[in-house]
Structures are given as C-alpha cells and as structure tokens.
Amino acid sequence: MTRFVERHPAWALVVIIAIALALWLIFAVWPPGLEEAIGRKRVFLNALFNGITLGGLYFLVASGFTLIFGLMRNVNLAHGSLYLFGGYVGYAISASTGSWILSFIVAFVLTALVGVLLQVLVFRRMEGQDLRQTMVTIGLSIVFADLMLWACGGDFYQIQTPTWLIGPIELPLITAVKSSGEPVYLRYPLVRLVIFLASVIIGIAMWLALNRTRIGMIIRAGVDDRDILAATGVRIQIVFVLVFALGAGLAGIAGVVGGTFQSLSPGEDIRFLLASLVVVIVGGMGSIPGAALGALIIGLAEQLGSVYIPTYAIVVTFLIMVLVLALRPQGLLARR
Amino acid sequence: MSVTHDARIQVHKPATAAHRPSVRGWPDVNNPAAWIVAAILLIMPLIANGFFLIEIFATTLILGTIALSLMLLAGYGGMVSLMQLTIAGFCAYMVAVFGTSDNANISLGWPWWLAVPMALTLATVFGTLGGALAVRTEGIYTIMITLAIGAAFYYFTNQNWAIFNGHTGINNVATPHFWGVNWRADIPFYYLVLAVAALCYFAVDYVSRAPFGLALQGVRDNPRRMAALGFNVNAHRVAAYALASFIAGLAGVLQVWNYRQISPGSVSVGACIDILIIAVVGGITRPIGPYIGALVFVLLRTFALDFLVKIGLDGNRFRLLIGLGFLAIVFWSSDGVIGLWQRWRQSQRPQTDRPSGRGGHG
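Each protein sequence line maps, in turn, to chains V and B.
In this note's numbering, each residue carries its 1-based index in the first sequence increased by 1103.
In this note's numbering, each residue carries its 1-based index in the second sequence increased by 163.
Check the hints yourself; a few may be wrong.
[Stated by the list, open to error] Listing some non-contacts, in silico: residues in chain B with all C-beta distances to chain V over 10 Å: (1) L204; (2) M207; (3) L277; (4) R299; (5) W324; (6) A361; (7) R480.
[What the hints assert, rightly or not] Below, a sample of chain B positions facing chain V; criterion: calculated Cβ distance under 10 Å: (8) W276; (9) A391; (10) T465; (11) R482.
Keep in mind the hints are simulated off the structure, nothing from the lab.
Each residue gets a CB set at the ideal place from its N, CA and C atoms; glycine is no exception.
Okay, chain B solo, but in the shape it has when bound (with noise of 0.2 Å):
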C-alpha cells in the first residue's frame, strides 16, 4: 500500500514543481546581455547589409534551429540524433514536392500554406518513426542508428529520381508572396527567420520547464526509475523526437527558401556531423548554445578562407579547422562555449555559486 502511496506523491512532483513560477522563472528576463542582444537582432537590417543578414545571420539562425532541435534531445533526452539535418531536408525536399519548382514533372504545384504544413506534418511523422526506430536501443547506439538513418536518406535521394530527381536535386523552388511581400527579399525574409527561431527558442525554453520536459530530463538522468515511477520512458523519448522533428522541420522549410533548391548534397552524412558540431560547440545544456554555435560555424565557413589565405596558409583547409576546433572543445570543455563561457565568469566572481546565464540570442 504505501508503496503506491509514494509512487503517487512521486508522480505529481514535477508538475507541482513546474506551475511554482519561483522554481525557475524565465530565465532571460532579467539579464540585461538578453534584452541587449534581442535588440541587436531586432535593428540587424539597420546595420548590416544583404550579405550579412542573408548568408551570415539568417544562415546562423537556420542551422541554429536545426541545432536547437539536437540540443532538446541531447541536452534534456540525452539522446544525441544525427539524423536531425536528415529531417530538415525531408521537409525541405516536401516542400519542393508539394510546391512550385522547375521541376514541373515532380513538384505538385500546390499553395505555401497548403505545402507547408504537408510537409511539416510528413517531416514530423518521418522523424517520428526514426525516433520510434532509435529509442530502441540507447546511447552510443542511437548515434550509430540515427547517422545509418540519414546516410540511408542522402544515398537514397541520389538514387531515387521519381520524387527526389537524383543528384540534381530540385531547383528554383517557389518562396510564398503575400500581403504584397516578398518573403525572399532580404529584410522580410531576415525577420522571418528571426521570427521562427525565437518562436523555437522560446518554446524549447518553455518545454524545458513544463512538466513534460522536467519528465524528459528525469527519464534522461534516470529511465529505470522513472519507469518505476510509473512513467512511460519510451514515450517521452519517441515525443522528445516528434517535437524535435517538428522544429527541425521548420528549419527546413525556411533553408529550401533561402537557397530556393535542394540537393542530395544538403542532406549528406558531413552535413548532418556539422549539425553535431555546431550543437556541441555551442553548447548541449541550454537552447542558446547551439545559436551560439551556429554563428561560430558560419563565421568560420565564410572567413576561414580568407583568414587562412592572409596567415599565408591554404585556404582550403576549412574543415581541418573545424575538426581541430571540434576536438579542442570536446576535450576541454564538455558544455562547448558555454561552459568556457560561464567558467570564466565563476573565476570572476568567485563568491556567487549560481551560474548566470548567457544572453538571449532571439
């Protein structure tokens, strides 16, 4: 009898817990760097020009997303997914199936808001079903599954030419006009993004304090006793994977806009490591890392070029310094630039134990 008696009480603490606001409140709101760094975001196209809001920031807020998606499984499921670039382009390629492109044979023609939602939905249950397929095993397993899972989808799209055309890929794929804008043009399509990656951010943030992420983190810190307790571990898991996928998702529709085609090359093994990276040097433990890391990445992609030209190296060993960056972070800091980042503030203030956060990126 008592037995139960506790399992019940166990049960409800995380929900009591979650709706006491003074448990964790919104953790951005009273962090000056947060509002600072919002507003930056908010006046970019005052600043920058077509090139940096484009191929640097709106760039950087995309792969973020993606990221982001692989942070809420890592971070608080403790399932490290490669496959979520994979999911991205699925999205990506429904989008250009279900919507207007050049490719009259393959591409349905049918409205943005009818094909976007499609191919949200068909992303969500295709990163659904991985998930199902991955929560099976755990660990370093799922890293294995998930990375077959999406080289499975980047062979698969170079042979398949009835939906995915082959190599090619789909070109010119049609961006949404309406209210008399054009979403592609640089300073709409920037708040776009914008708008999404802070929609995903905050609901991440969100989700991280509600009863349902508070459960995903105990089952991530301890699925046998959450199991005990009476909760069904693998269905968070398999949620954790449709919510992820969802977001992943977006990010795909709005990375088939910015390039306006995909290929078999946006969906290949590299590009889905490059994800893990990204989360990994920005940072697994909270929904800013992987922006962090994305801005990282893209700054590096874009100037490593011309940086390694000028110290009088070869221009093209990019990914060498990627790889060699990647390493250094693994080793040193297991929380990416986070960590660094709030152990160099604890060994400025060593008298507050409570870890401030990082500002809100958006």
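Isolated chain V (complex conformation) (with noise of 0.2 Å):
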C-alpha cells in the first residue's frame, strides 16, 4: 500500500479522493440540490447495494475460473454451464427437501465431481496444448447447455428463500429526512447481504488457505512454475484434480446464489461465462484478489450503471475492460 503511494503519487490522490467523494455519498444526507440533479439517495443507496451484492456473486463464479486459470493455464470456458447446472441442483434439492442450506452442499459436492470427472477424463489427456483445452471446453459448453435444457426445459427457475431470510432489514443509513425532522433509514433484503457476507467469508477462507497452508503453497507454487513443481516430486495431478474441483463447486455454489437471488434459465451460463470473463480480465488472470476487485468494480458499474444511463450500461462495463487493456493488459492486481 505504501509502494503504491510512494510509486503513483498522482493515482494514490485520485483514488483517496474517489473514495472519500464514496463515502460522503454514502453516509451524508444528501443536499436538496444533488437530488435534484440525480435523483433521490434511495436510488443511489439501493443501486450501489445491489452493485456490491452482485459483485459477490461475480467474484464466487470468477474465483474458480480464475484459480484454474492460474493453476492449469486452462481457459474453462464451461464454467457458466458449471454455475448453471449448480443452479439446477440447488432449485432440485431445495424443491424436493425444502433445505436452501443442503442445496449448497449437494450443489457443491455434484459440481465438484463433475469438474473431477472433467480433469481426469478430458484435461488430463491434453495437458499442455491451450487451445485445444479451450476448444473441447467450448463444445463441452454446448454439449451441457444442449442436455439441460433437455432435462430442464426453457422455464425460468426460482430457488425458494428460506424463511428465516426473507424481508428486508433497516440499515443505519440514513436516505432521507422527513419534514419532521425523522430520519429514513435504508431498507435492504436481508438475503442479499448474507449471501455477500458469505462470499467475502469464501474468499478470505480462500486467500488465507492459498498463503498460510502448505497445500495453498504448493498451489502457488504450481502457478508460478508447474514444472519445476512436478520436478520436485509434488504429485502435481492432484493437485490439480483438487483445485479443478474446488473452481468447479464454487461456480456450483454460485449458480445455487444465483438462482436464489435472480433466476434461472438457459442463457444464464453465457451470461456467467462473460460475466467472469471481464471479471478477471479487469482484475488479472489467475489472481484471487484480482478476481474480487474486478467483480466489485464491474458488479458496481453494471448496477448503477443500469440506475444512471439505462441504454449503455453493458457499454460502461465494456469501456472498462477496454480501458483496463489499454493501460494494463495484465489486469489490474495481477504479477507479471
């Protein structure tokens, strides 16, 4: 953090300046004029809510793709249908036992396997050879988009939100104030908010198991130099096989948010495939850090995007990438 002010003394300003502008907005009472000008603090408040919410759930799916990017240099273009066919799990389980809980954990557990079932059968065969890994996952793509809207039809699914979750809650802050002096406080779904706890929760789990155990030193390690890895006698195909596994149970994971908090049908896994792909594009292929950032970033400038010029929001999170590319081609938070 200090290298980065000392390095960029000018960004290091503008970034200190964003932020403080951040939370003014956010925890001031808006003067009547600014409300004039864009609209109420409700609107504002619920989108960058919904921007941050969203950006939790774009980090989950990004993660995985992006850690078995690291790892195996492997462009898994089928992690959507991966977050799809978690979703259809979830709604499957939490529709038959009423357990949103357990449906995380079945979706979990059955992604996993199929992500094991992936790397073993298909990835194991053609190590090394990029393209063609990307090749089969784009007709692995199409081959599971094709078989489930063959088991699942084109309807939309809702997963049910366990009763204990549903309603909003009142946030301490403060969106207006009534002509009797009250304060109005903001109102926000509790759902939301848990599920973006538990992603920030995930993802530390995942920064501290990657930096402070040994077997997140030898995943490091493997992203650094596979080979010399291998050399030194780490049974590099399960590590593999167990980091294929975990990119593949959170996109599981994510698709059972996913389908709680929007919905599910085919067409989602595209969505998800792009949504992840910027995702780690802006924040840098292979880094966990990165993947979070770049999710917040785009998470944000697609909600208040959509709030504040309806027509071009998908244009914002594009120029975004466009930018990133032209000034860092590696991503934001990536070493290279």
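Join these two chains into a complex; the hints should help.
Below you can see the structure in the form of structure tokens.
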C-alpha cells in the first residue's frame, strides 16, 4: 500500500478523493440540489448495494475460473455451464427437501464431481495444449447447455429463499429526512446481505488457504512454475484435480446463489461466463484478489450504469475492460 | 556489423521466396477435383431448386466466408478471434442503418452503392480497433477478449434503440436492383454470393503466399524471432485483423441481403461460437476448410431435425449433435475434416509424402 503511494502519488490522490467522495455520498444526507441533479439517495444506495452484492456473486463465479486458469492455464469456457448446473441441482434439492443450506452442499459436491471428471477424463489427455483445451471446453459447454435444456426445459426457475432470510432489514444509513425531522433509514433485503457476507468469508478463507497452508503453498508454486514444482516431487496431478474440483464447486455454489436472488434459465450460463471473463480480464488472470476487485468494479458498473444510463449500461462494463486492457493489459492486480 | 547484415538478408528472404512462383504455385490449378467442384458450383442453378440454392448453398458460402476470415486469423496469424461474426453482424447492421428499411426513423435511405462501401469501411474500422485491442494479449487471452467484445456487442444491440432498434432489430432491408436485375432473386443472388466467396477465397489464398502472408505466418510461429528480424509484429497482426474484418464485412452485407433483416439474435454469442465450430470442423490450415465446415454445419442444421425424428430421437437435439461432432473433431483431428481427408489419402498412398490438396470450392 505504501509502495503504491510512493510510486504513483497522483493515482493515489485520485483514489483517495474517489473513496472520500463515495463515503460522503453514502453517509451524508444529500442536499436538495444534488437530489434534483441525480435523483434520490435511496435509488443510489439501492443501486450501490445491488452492485456490491452482485459483485459478491461474480466473485464466486470468477474466483473458480481464475483459480483454474492460474494453475492449469486452462480457460474453462464451460465454467458458465457448471454455474447453471449447480443452480439446477440446488433448485432440485431445495424444491424436494426444502432445505436451502443442503442445496448448497449438494450443488458444491456434484459440480465438484463434474469438475473432477472433466479434469481426469478430458484435460489430462491434452495437457499443455492450451488452445485445444479451450476448444474442448467450448464443445463441452454446447453439449452441457443442450443437455440441461433437455432435462430442465426453457422455463425460469427461482430457488425459494428460506423463511428466516425473507424480508428487508433496516440499515443505519439515512436515505432522507422527513419534514418532521425524523430520519428515514435504508431498508434492504436480508438475503442479499447474507450472501454477500458469505462470499466475503469464502474469499477470505480462500486467501488464507492459499497463503497460510501447505497445500496453498503448493498451488501458488504451481501457478508460478508448474514444471519445477512437479520436478520437486509434488504429485501435481492430484493438485490439479483438487483445484479443478474446488473451482467447479465454487461455480456450483454461485449457481445456487444466483438462482436465489436472480433466476435460472438457459442463457444464464453464457451471461455468467461473460461476466467472469470480464472480471478476470479486469482484475488479472489467476489472481484471487484481482477477481475480488474486478467483481466489485463490474458489479458496481453494471448496477449503477443500469440506474443512471440505462441504454449504455453494458457499454460501461465494456469500456472498463477496454481501458484496463489499454493501460494495464495483464489486469489490475496481476503480477507479470 | 555482421549482425545487421545478417538481419537484412533475413528480412528480404520471404519476399524473394514469394516472387518465385516455383516455390508454391496456385495449389488448385493442377487438381482435377477443384475444376469439377468449380464447374458444379457454376451450373448449380440448373441442378438445384430455389430452396437448395439459397438455404443450403448460398448460406454455406456466406457462413464459410465469415469462417474464412477466422481461418485467415487463426491459421496464418495464430489468433483465434471469436468476434468475426460480430464484425459481419455490425456490417449488416450498418447496411440496414444507412440503406433503406421499414424502420424509417433509423434508416438513412442511402442507395446501396453508398451504403455498402460505408458499411464495409465502418466494419473494417470496427474490426481493426477490436483487433488492436486483442493483439495486446496472446493465445487464449485473445479468445477471451474477442468473446467479450462479441458478447458486449450482442447485449449492446439488445439495449440500444436509437441505432440498433433493440431486440426487434431492423426489418425489410432493401436489396439492390440494378442493370435490370433483382439481385435478391434466387439465381442472381446465388451468383453474387458465389462471386464474393470466390473472390475472398482466392484473396486469402493469394495473401497466404504473398510477402505479407508469409511474414504473418512467421509471426505466428515465432513472434520474438520476427521482432528481432525487424518486423513489426503487432502491425502485421492488426493488418491481418483489418483484412479479416473486410472479408467478414463482405459476408455480413450478403447475410443482411439474404435474410432482409438483422436482429441481435444473429450476433448472439452462440452464433459467434458457431463460426469457430465451422472453421475448426472444416480445418483451419487452408482456406477451403471453412467452406467444407460450413457445408457440414448447414446440412446438419437443416436436416438434423428430420434425421433425428426419423431414427426415433427428439428432433430438438440438433445442438447436441453439433457439439458432440465438434468435440470428436477436436479430440481426434486437430485439422478438421481436411486433416481426416489428408490422413485417409496418405494411408491410401503411403509412398508419397507430399500432402495433396482438397478441391477448390469456389
């Protein structure tokens, strides 16, 4: 952090001003002039929170994607299919047993199993052939998409939110002050906050596992140089299988999350594949903190964009990607 | 001193090699199969009725031309771009926007001979800019970035009503009438498509042997060495994107004239990936591959439903069939159908080591 400030004082100033402005926008009661100019504070705060929670969901999808890419140099374009598969499994479990938590566990286990099968049966056979692996994942995503369309049809599914999470919660953020002087607080759906919290916890757990454990050390070494790692006697195929299972399982969990606060239908796989692509391009390939930052930026851009410039929301996301590619092609937080 | 001298000699080598026709002549001139295929394509309107002429052969040639632009990038440049269909779709949209259509508030009503060059120019600029972005990265990153560009364009056309008319798209796009011919009537349109496809095919074939194409193949094989030899690696790549964008744009013009309408559905992510499938199934090492791939794809797309129903399966599983076929090709033949054909030819004649070409398609 201090090194960043020392090396780029101008950028650091811009970042600090932007953070201060954002904090003021969130916590201050907006003066009437501002409300006239860009709309009510409640709308802004809702978009902000939607953006952050959507960023949490994107992080869940993209972290698995970036983990698999970082270690195996395999652009898994079937990652969106794993997401949708996890969502459908979660829906089936929660509809039949009524347990939301159980649906997470089963979705994680089943998608992780699919990931293991993919790694063992497909990718191990063509190790080191990046382009061919990518082509295979494209073929697999087509096959999976059609199989899921066959099994589940083209309907929209939404996973039932458990009763203890239904309803809004009042947050200590003032959106407006009534004429009587009484403050109005922001009300926000509890389930989205819980899911966001969970994704933060998963992110921190992953960071700790990667940076503080032995297996994490092996994975990081594999990201840096997998040939030397294999030469030191680590059974790298087992590490590959493990990482693939974890990445796929995370996509499955994300599917259940997405099915709860959005909906599941054919086409969502492509949407989330695109989202994770843009997130990892912005954040930096193979970097977990990069995925977190990218997910936050893209989630916020999408939601704030859709509120303030509805026609060009997707262009904002795209422009961010172009800007990052132009200024820092390896991504914001990637080392290279 | 000697280093620069060496480099200069190396720089001129590809150029002199290309000037000598004996190095690689026109590959199809001596091949009887190529002449037969060309003759069949020319007299096709006598054999086939309107449905086959347009729905099968014209569509094949249009899709094949889009895939040809991908083949140029992937086969000679080593850059797998998933945005070729997006460029074609962009060009098609531009033809609809500058030309005449039912959406009078959007279309500017220019005559076709103004609208088409304008659309082609814009599409080439669009593709070149996208390419300039994509060449900042390499290999699998290129796939991801071009896929992201394609998807962004798809969602943009869905959201934008001012130019792209949202998800309904632009309907009843006018088609050209000149010299007393309605060029959208079945037979003239077939010949128009055939002429454009042949032009693109021979252009790509020529470029592959021209100094530029040879330098591009050098960049594909070893960018560092080419840079050390004094070639501007990125400029060659961007130029390849520009040429490929122009070819894709031509195909896009034909596509919008074929369907007379353009909507976001035609530039969807799935359709972008279809182009990759076509190129890979056909084979991305030669210009003929994409056309073969397109023929297979169009035949499957048109007849898979009847075929699947006939053997007692659900007719809607066409995409499953395509996906499995694509997987099989990627698994067993890295060079698509052409590779299979060549391997079969070589197994028939083990004493010849020189692989001989498949016929010319147009």
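Going down the list of hints, with the structure as the test:
1. Listed as a non-interface residue, L204 (chain B) keeps its Cβ farther than 10 Å from every Cβ of chain V; the least gap is roughly 30 Å.
2. The non-interface label for M207 (chain B) is consistent with chain V: the shortest C-beta to C-beta separation is roughly 31 Å, beyond 10 Å.
3. With a minimum CB-CB distance of about 28 Å to chain V, L277 (chain B) clears the 10 Å threshold, and the non-interface call stands.
4. Look at R299 (chain B): its CB is around 4 Å from the nearest CB on chain V, not clear of 10 Å, so calling it non-interface is violated.
5. Once the 10 Å rule is applied to beta carbons, W324 (chain B) is inconsistent with being away from chain V; the minimum gap is 7 Å.
6. Against the 10 Å criterion, A361 (chain B) stays outside the reach of chain V, whose nearest CB is about 29 Å from its own CB.
7. Non-interface call for R480 (chain B) relative to chain V: violated, since the shortest CB-CB distance, roughly 6 Å, does not exceed 10 Å.
8. Restraint check, W276 (chain B) versus chain V: the minimum CB separation of about 32 Å is more than 10 Å; hint violated.
9. A hinted interface residue such as A391 (chain B) counts as satisfied when its beta carbon comes closer than 10 Å to some beta carbon of chain V; here the least separation is about 21 Å, so the hint is violated.
10. A cut of 10 Å between beta carbons decides the hint on T465 (chain B): the least distance to chain V is about 18 Å, and the hint is violated.
11. Given the 10 Å rule on beta carbons, the hint for R482 (chain B) holds: about 4 Å separates it from the nearest Cβ of chain V.
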